[in-house]
Amino acid sequence: MARKISYKQAINEALDLEMRRDPTVIVLGEDIVGGAGAPGEIDAWGGVLGVTKGLHAKHGNRLMDTPLSESAYIGAAIGAAACGMRPVAELMFLDFMGVCFDQILNQAAKFKYMFGGKAKTPVVIRAMVGAGFRAAAQHSQMLTPMFTHVPGLKVVCPSNAYDAKGLLIQSIRDDDPVIFCEHKALYGAECDVPEESYAIPFAEANIVREGKDVTIVSYGLTVHRALDAAEKLAKSGVQAEVIDLRTLSPIDWDTVVESVENTGRLVVVDEANPRCSIASDVASYVAQNAFGALKAAPQMVTAPHTPVPFSPVLEDLYIPSADAIAAAVNKTTARALAA
Amino acid sequence: MTNNPFPLSRDQLLAAYRTMRTIRDFEERLHVEFAKGDIPGFVHLYAGEEACAAGIMMHLTDIDRIASTHRGHGHCIAKGVDVHEMMGEIYGKSTGACRGKGGSMHIADLSKGMMGANGILGAGAPLICGAGLAAKFRGDGGVGITFFGDGASNQGTVLESMNLAAIWNLPVIFVVENNGYAESTSVEYATAVDSYVDRAAGFGLPGVTVDGTDFFAVYEAAGEIVRRAREGGGPALLECKTVRFFGHFEGDAQTYKAKGENDFNRANRDCLKIFASRVTAAGVVSEAEIALVDREVASLIDAAVESAKGAPLPTPRELLTDVYVAY
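Residue numbers (my numbering), protein chains in the order written: chain A, 1 to 339; chain B, 1 to 327.
Hints are computed from structural coordinates only; laboratory data are not their basis. In this text, a Cβ means the ideal position worked out from N, Cα and C, and glycines have one as well. It cannot be assumed that every hint is accurate.
[Said to hold, decoys possible] As a list, the in silico BS3-like pairs of lysine-lysine whose alpha-carbon atoms are at most 25 Å apart: (1) B/LYS259 <-> B/LYS273; (2) B/LYS93 <-> B/LYS112; (3) B/LYS93 <-> A/LYS118; (4) B/LYS112 <-> A/LYS58; (5) A/LYS295 <-> A/LYS212; (6) A/LYS331 <-> A/LYS295; (7) A/LYS212 <-> A/LYS232; (8) A/LYS235 <-> A/LYS120; (9) B/LYS36 <-> A/LYS120; (10) B/LYS36 <-> B/LYS309; (11) A/LYS120 <-> B/LYS93; (12) A/LYS118 <-> A/LYS212; (13) B/LYS136 <-> B/LYS112; (14) A/LYS58 <-> A/LYS118; (15) B/LYS273 <-> A/LYS120; (16) A/LYS58 <-> A/LYS4; (17) A/LYS232 <-> A/LYS331; (18) A/LYS295 <-> A/LYS235; (19) B/LYS112 <-> A/LYS118; (20) B/LYS309 <-> B/LYS93; (21) A/LYS118 <-> B/LYS136; (22) A/LYS212 <-> A/LYS235; (23) B/LYS93 <-> B/LYS36; (24) A/LYS118 <-> B/LYS259.
[To be verified] Label pairs and their computed distance ranges (CB to CB): (25) A/ALA57 <-> B/GLY139: 19 to 29 Å; (26) A/ALA137 <-> B/GLU220: 15 to 25 Å; (27) B/ASP38 <-> A/ILE207: 52 to 62 Å; (28) B/ASN169 <-> A/GLY84: 13 to 23 Å.
[Claimed, not checked] These stretches of chain A come out as covered by chain B in the derived footprint (C-beta under 8 Å, 3 or more residues): (29) 63-70; (30) 79-85; (31) 117-125; (32) 142-154.
Work the whole structure out from these sequences, hints included.
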């Protein structure tokens, strides 16, 4: 039975279902219970934004608050994964990768290959990504490209509650390390989500709107900006197809290429900074593999090459807007319109 | 029948000696072979430190996990990793422990509880907390031991992990193999405390310092710490003061050492000589038995080098396999 729940509730539900199914699933992170050892409620917080609230009451000490020691507890999750557990570690903000990246980059990502195929590391690292919370430069970045660059890691970034549940369940069952990116501006977004358990396979992009004139590729929050842009464009007679990548590594190249072969035009929207981004990756892949189908140069709509600013007026300019996406689409269609 | 004054049986003493002799010969031979240019990459030799690995690992079984260092050959051998597979790996051959994809700094055998040598200093400490956590959840009585040098003792990962292990009461042991040098930099210069026991105390951990060239001192201290961790008593630190006969890596001219330092250590602080003279002087093990182990180990190492040299290289398709379990 489907009912409307939020992205945040969907993540909570996925964790609950997997913890019920598999006793080796444990959850650890800073404040994920949110009151360990304190005089008040033991699960006062349930995560800094309440995503894991209520799970401690159901699963007890399989949820563990950690000290503010990201290297130690992310590393411990990775080590436990190499020893037969399926830990889900919450890094709170993906920006905090800076203090524990070795454990992800040189340990988790490398074990399988470096040990000649004899290791597996089924760990999930959940973390918030993205701007829009007025949280400034160190709590707002879209660092997905830093992780897609690394062989051995899988990178997931859902745009809605349905995908968040199914992709997190898949991430926990997956035998490779997964960086599960939760867009903080989407936590309250609701959609129909089945009550039962389901897994969404990786590398299956979702065509969230069909269209014949241009392909807009995105993931996370900016999928919604792309849909807004497509709505506006439809009024001027341009039918945009919108693809939600859902997983960035592995990535569903086939769906992207097939769409571009139909539309002949590509706009990639990425909240990350532009250089060596998901946007540049998709644009270059399409240029290399579907050049003959292109009627115009691919366009990228990204954050500027700056840190995330604090002042709301600046931050709003930082995040790719529906207007910017529509303008990029118009650039790809300009030659056709002029002709 | 001679009275045995040692805490190990005659067979155990011979096994300990065999482990240490295997490590020593493995490393001495690599020193020779590396100079010939057949071995790719970096090699960091453990010779001089054998009593640390042997004295600790005699208390462990395959359910116990260790996280090793860049100087990991001795830990591998003492934990039971196959010497042929290790040699094959160091030569970059498909017969290696990691099929030639890891090399000297990444030898691992998870079936033996060996979670890997590690090219990143201090990286094993968080990982072993995870091993301890897994053992605690399973309730299987397993312990985890992370080795690190005096150099890596100053990594934040090690310090964070000591705190984490302490608050979670994990069955984890932090072993500092203090050979006096972080690459070329002295421990006196780089480490603010005189004793790692003082540092352990800062995290609420019991700690003990032993002479790492004395197998029996290591064995007895480790036995107590491992037993305590296994029984739920929590983490501890063991500092083994030891010596490194070779340089940081092969090719290191070691001009930062005192003149004659290596010769002095080999003459006076050689853990194998110290062990052999004690057990033979006590009449528990004969010189002939020691010599027999020496000969057997020599032929094992000969055979390992020969088979590694003759083993097939990885095929080109190996470049692309094992990145993911399933993509």
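**OP:** Any hints from earlier that this structure breaks? Give me their numbers in increasing order, please.
**Re:** Failing hints, ascending: 4, 8, 9, 12, 14, 15, 24, 26.
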